[in-house]
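Enquirer: Spelled out from the first residue to the last, the chains are:
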Amino acid sequence: MKAIKSIITNKYFLGLVLILLICLVPVFITSKYLMHIFILMLIWSIAALALNLIMGYTGQANLAHGGFFGIGAYATALLMLKLGFGFWPALIIAAIITSIIGFLIGLPTLRTKGSYFAIGTLCFNVIVFIAAERWESLTGGARGVIGIPQPAPISFLGVTFTFSSLAGMFYLCFFLFLITLIIKYRIVHSLVGRSLIAVRENEDLTSSIGLDTMRTKIISFVTSVFLASLAGSLYAVYIGFLDPEIASHHVTFEVLLFVVLGGIGTISGPIVGTIIVTLLGEILHFLDAYRLVAYGLVLVLVIIFMPQGIVGGIRALRQRMGERNS
Amino acid sequence: MLEVRNLSKFFGGLRAVNDLSFRIEKGEILSIIGPNGSGKSTVFNLITGFYEPTYGQVLYTGEDITGLKPHVIARKGIARTFQHTTIYLQNTVQGNLVIAHRLRTKSGIFGAILRTARSRRDEKICLEKADEVAELIGLYGKRFLPASVLSQEEQKRLAIGIAMATDPQLLLLDEPMGGVTDREMGPLVKLIQKINEQGVTIGLIEHKMGVVMSISNRVVVLNYGQKIAEGIPAEVSKSKEVIEAYLGEDYHA
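In the order they appear, the protein sequences are chains A and B.
Each residue of the first sequence is one higher than the one before, counting from 1 in my numbering.
Each residue of the second sequence is one higher than the one before, counting from 1 in my numbering.
Please keep in mind that the hints were generated in silico from the structure rather than gathered at the bench.
Heads up, a few of these hints could be off.
In the DSS-like style, the derived pairs of lysine-lysine whose C-alpha atoms are separated by at most 27 Å in a straight line are [claimed, not checked]:
#1 Lys69(B) to Lys106(B)
#2 Lys124(B) to Lys194(B)
#3 Lys113(A) to Lys69(B)
#4 Lys11(A) to Lys124(B)
#5 Lys76(B) to Lys142(B)
#6 Lys76(B) to Lys194(B)
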């Protein structure tokens, strides 16, 4: 009992230390370039965590994730620019809009299984991209949306937080990243999370024990696109500019790479994957478009040799070592 | 408790189940036997909503449940196992049983995110149920092991345990002894009897005749999707039609 307690307190302690260390990043890192990379890592981590919920835990290969990220980004930008909303209400309303669209798309597509679901959602992603490109009166077409304002400063307990600096933006993204992580962690470690995994493992058995598999999948899907929309909102206000490419299936496959490389169906996998691929992308910048070839190669190698990704691979390795020791 | 009326299921031209009527009385063990392909599993799939009948009705405690979804039927108190042992192999024994009691809890995703008192209570209820059922199926000592490392016979018991964790009134077992050696059958038979003694009505599909004859109150015999005999085990085993169905027409005792 004592041992269990000390591990738990340790875990929380470690987490707290890690959070504090990350909070100190903007204090010690003065390089604008590095801060930019860190902010992008946080935003894409949120998107990857979101995708992992429907894909890793519920077993439904959603290939419209980029589309939902884009819808969240565009909705936020347009709410702020055209209707004069502040960032926070825009963030929430955009997420609700994205969730409603996700629900409507999920209803027909989640009835299909396996590759049919993947194809159905991919088609939707292409539709979103075309809409972003052609619906000029709303989205600005191929020129995109320019001049998205930064979030206005907020006062909390007498302290004013501003988001005009890179540090402010970093804290904003880190805050939403933590919220996403907590939501994801709590879902996975609850009866709801167990239902998601049950659907992934065996749909027939799951419906035979009285769980509505369709409802379970819809809940997972809508939660996933809700979180994807948060990431999209952050992207919109951070970059300040959107073009249709941000809602395209290329975004889907990039986030997919983060999840698969890091470890599908694990909590930390998508974060690890995002960090590694983002760094890899920066290092391989000189390769330009050939980077995509490298990505493809990495993806194939991971799927063949480490189907559970880096985190899953390390876990399996540790398990094997443990067995050998005992 | 359960009544099947003129139940039929046609797959194209194949009449898998044809105009079948029978009842399962409260508290009994009713076995459904018949040669391979006689439609036994199809009957279970029709009762539990996995197939929709071509025509006919399924009545459960007087209520028409024909064509309802599997999860709705499970919530009404009918649990089933599958012919091929079906469990969550990746999960632990306890995990398998915890999720099987989820249908009796109500807390949803917001409860999970906010970790409300109700969601924590629901988790506790499911864990307690899991331990209780683990005890029942004799896997309490192995409840933290992954289901994949269990023996075939233990997996069979776990499959029954998953069904039992849903708190059923009627339990439909599809070949619980399939692929199990004669020596290992003892614990399974005892388990089924123990469950029955707890007041759970049991419908059983089984090929092992010794088991069927010893534990069933009544037996229904199917051949080519039709009922060819029904009655207490001693009568059925002497029936001419049954002997012919199993051994061919040339056989005369």
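Enquirer: A separate judgement is required for each hint: does it hold in the structure or not?
Expert: Hints and how they fare:
no.: 1; hint: Lys69(B) to Lys106(B); in the structure: holds, 19 Å
no.: 2; hint: Lys124(B) to Lys194(B); in the structure: holds, 25 Å
no.: 3; hint: Lys113(A) to Lys69(B); in the structure: holds, 18 Å
no.: 4; hint: Lys11(A) to Lys124(B); in the structure: holds, 23 Å
no.: 5; hint: Lys76(B) to Lys142(B); in the structure: violated, 30 Å
no.: 6; hint: Lys76(B) to Lys194(B); in the structure: holds, 22 Å
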